[in-house]
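There are 2 protein chains.
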Amino acid sequence: MNFHGGQFHRENVIDFSVNIPELEYPEGFEEVIKEALLQMRKYPDIDGLASKNVIAGYNNTEVDQIVLGNGATELIYLMSRAVDIKIATIIQPTFTEYERALVQNKVDVRYYHLEPENDFKLDKDELVQHLIGTNSDLLVLCNPNNPTGTFIEMDTIEYILLGVQNKKMKLMIDESFMDFVSDYRFDRHRDRLNALMKSHSILVIRSMTKNFMIPGIRTGYAIGSNKIIAAMNKLKEPWSINALALACIPFLLRQNNYLDDLRTWCHGELRFMLSKLNAIDQLTVFDSTANFILFRLDIGSPKEFMSSIIDGGAYIRTCEDFEGLDQRYFRIALKSREDNNKLIKLIMEALK
Amino acid sequence: MNFHGGQFHRENVIDFSVNIPELEYPEGFEEVIKEALLQMRKYPDIDGLASKNVIAGYNNTEVDQIVLGNGATELIYLMSRAVDIKIATIIQPTFTEYERALVQNKVDVRYYHLEPENDFKLDKDELVQHLIGTNSDLLVLCNPNNPTGTFIEMDTIEYILLGVQNKKMKLMIDESFMDFVSDYRFDRHRDRLNALMKSHSILVIRSMTKNFMIPGIRTGYAIGSNKIIAAMNKLKEPWSINALALACIPFLLRQNNYLDDLRTWCHGELRFMLSKLNAIDQLTVFDSTANFILFRLDIGSPKEFMSSIIDGGAYIRTCEDFEGLDQRYFRIALKSREDNNKLIKLIMEALK
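Residue numbers (the working numbering), protein chains in the order written: chain A, 1 to 352; chain B, 1 to 352.
Chain A extracted, bound-state conformation (with noise of 0.2 Å):
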């Protein structure tokens, strides 16, 4: 089975290993499942088209450019199924879950790594070089990343296509933690993106399980060159979208001031949580533009770093399963301003 976080079960232990904010749903989201409940007995719609018809206007895409998913997992794992794919660049460190998929389908994975010392910043020549040398037909891009939380331009993107200049490559896009960007300007983005897809093989993957908090519930879409999105449907398995995870699509993306406040929310809390761990003699600590932070203990041992932590009644992200870290990395998501004071409180006390 697989390592994520969020396993670690015990009564009264904030568990800041999961990346799923504590705040307040939109207005009138309780009324829209409950009203979703009773469509229980009825199968999902097979097509989900009127969800995807509120994507593709969300997205100024054509509905033929969208697949909808169960999370983002359901996506990255058909993309690598459906789509011909050789060899397949992943940068690291990243969530593990792109290379599983990858591997499954006898995808060659080459790894280029980006380096603590450089804060984890992408070297936009060097990464083409890459590409161009192992002769890559794939290249994963997690933006924000999963664990170190840093954030691509769009500028970057386009260098590296135009780079690369095999316009058979394809890009797979993780966009799960876009909307936690403070200064992301979301239809720019898209129609850059949107620009980009007519030329090039683009999937970008936009689960709705972080940003909206719905982890249990499942939802999430991608949209795509329409090559890649024809390919994947041809293969998607019927109904694994729920009623509910369906039901919420049109609602939330309606919710322009909910996002607002999410992005106002983590802008502040990850200045305020940079600004204290920085202040910390015995940890390196990551930028990040997303609702997470990836430190590093540089003085002391992990172990009892992280028991003390727990036995102060938190819990927080260990990093030795990414590729390029190791038991010295740890990763924590952003809670309340409560919970985050104690855990800096924690932080401190455990490095006394």
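Honestly, the hints are just simulated from the structure, not real lab data.
Remember, predicted model here, so these are calculated numbers, not experimental data.
Please note that a few of the clues may not be correct.
Intra- or inter-copy, both count: the list cannot distinguish identical chains.
Claimed, not checked - Lysine to any residue pairs mimicking SDA-like chemistry, simulated, CA-CA at most 25 Å apart:
#, residue 1, residue 2
1, Lys42, Met306
2, Lys34, Glu22
3, Lys42, Glu22
4, Lys42, Lys342
5, Lys86, Gln104
6, Lys345, Asp298
7, Lys42, Leu23
8, Lys342, Arg328
9, Lys86, Asn166
10, Lys106, Val128
11, Lys234, Glu320
With the hints as your guide, set chain B onto chain A.
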């Protein structure tokens, strides 16, 4: 996209194309769902261990003989993907997703046809000869079979496995409609299957969406031989079963009274509808053990027949997409006595 029932949407039309009963939910079920909704902010348990423990108890098996599924569909596709199969025999006509799943995984699919002249009954010796002759390493059984409603006794299953002799031949049994069979003795059936799993490679798929009337929530499981289950769990995508689906399992598997009532209801409506339909000269009606009935229109235009039914306010399942059937065949789900009576009236009017 796939062709299935439940895709005709018009106001005031009773949909007999979907095999979901319309009974009351078991007492307390709404509360379980409401309670589970409070968990939507959390990721569903990645192992689903609590639910697996309940399933193991219910089925008298070990936990590592269980894999959870997003309905039966995920399990059909996952087995097709995870287990090495070269040649599969599918008994036709049957549910179309088995073939789609196997063909996606490059399995050579052979048909063994049941004939309407024999009431779609299985000739077990002929089937054994077919399996040996084709060198099949997988046999797919839908029991009771969709859309014919025919039931295969455990004696027959044991006879087939004994006859084929090749212990490497795997068996996938989809029991999605088993709980509707009126003289079905679950514990005996289960114990005999469990015993067979020790000497043969068997997967038994149990959707919980039909018997418990929750196709919108998507839940189900499979039990099987350890090697098959291990192979499936190795490839299983994380979090495919949503939090509501997981939470339902322990509650629903305690509802023995509900299942007794379900069987009694199904038996009663089956007898009623079979006698009414059998009295109509223009139809050949096939006996069924499940909550649906297949019949053939022997005289007149199927298209005009269908139009007349729709105009009268009901929709029934056309069957031309089932291998071995054609546009003269129709499948109807059992509904309330009032609706069933209405359908009989509409059928008789259409044939006047």
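Now the hints, each set against the structure:
Taking identical chains as interchangeable, the C-alpha atoms of Lys42 and Met306 lie at most 25 Å apart only when they sit on different chains, with a minimum of 23 Å there against 47 Å within one chain. When the C-alpha separation of Lys34 and Glu22 is checked against a cutoff of 25 Å, the pair qualifies both within a copy, at 21 Å, and between copies, at 20 Å. For the identical chains of this complex, Lys42 and Glu22 are inter-copy neighbours only, at 10 Å across copies versus 31 Å inside a copy, given an alpha-carbon limit of 25 Å. In this homomeric assembly, Lys42 and Lys342 come within 25 Å of each other (Cα to Cα) only across copies, at 21 Å, whereas the closest approach inside a single copy is 45 Å.
Within a single copy, Lys86 and Gln104 get their C-alpha atoms as close as 12 Å, and across copies as close as 18 Å, so both meet the 25 Å cut-off. Proximity of Lys345 and Asp298 under a CA criterion of 25 Å is satisfied intra-copy only: 18 Å inside one chain copy versus 80 Å between copies. When the C-alpha separation of Lys42 and Leu23 is checked against a cutoff of 25 Å, the pair qualifies only between copies, where the shortest distance is 13 Å, while the shortest distance within a copy is 31 Å. In this assembly of identical chains, Lys342 and Arg328 lie within 25 Å of each other by CA distance solely inside one copy; the values are 21 Å within and 70 Å between copies.
In this homomeric assembly, Lys86 and Asn166 come within 25 Å of each other (Cα to Cα) only inside a single copy, at 14 Å, whereas the closest approach across copies is 36 Å. For the homomeric pair Lys106 and Val128, the shortest alpha-carbon distance inside one copy (24 Å) is at most 25 Å, but the shortest distance between copies (35 Å) is not. Proximity of Lys234 to Glu320 under the C-alpha cut-off of 25 Å is restricted to the inter-copy arrangement: shortest distance 21 Å between copies versus 37 Å within a copy.
Consistency note: the structure conflicts with none of the earlier hints.
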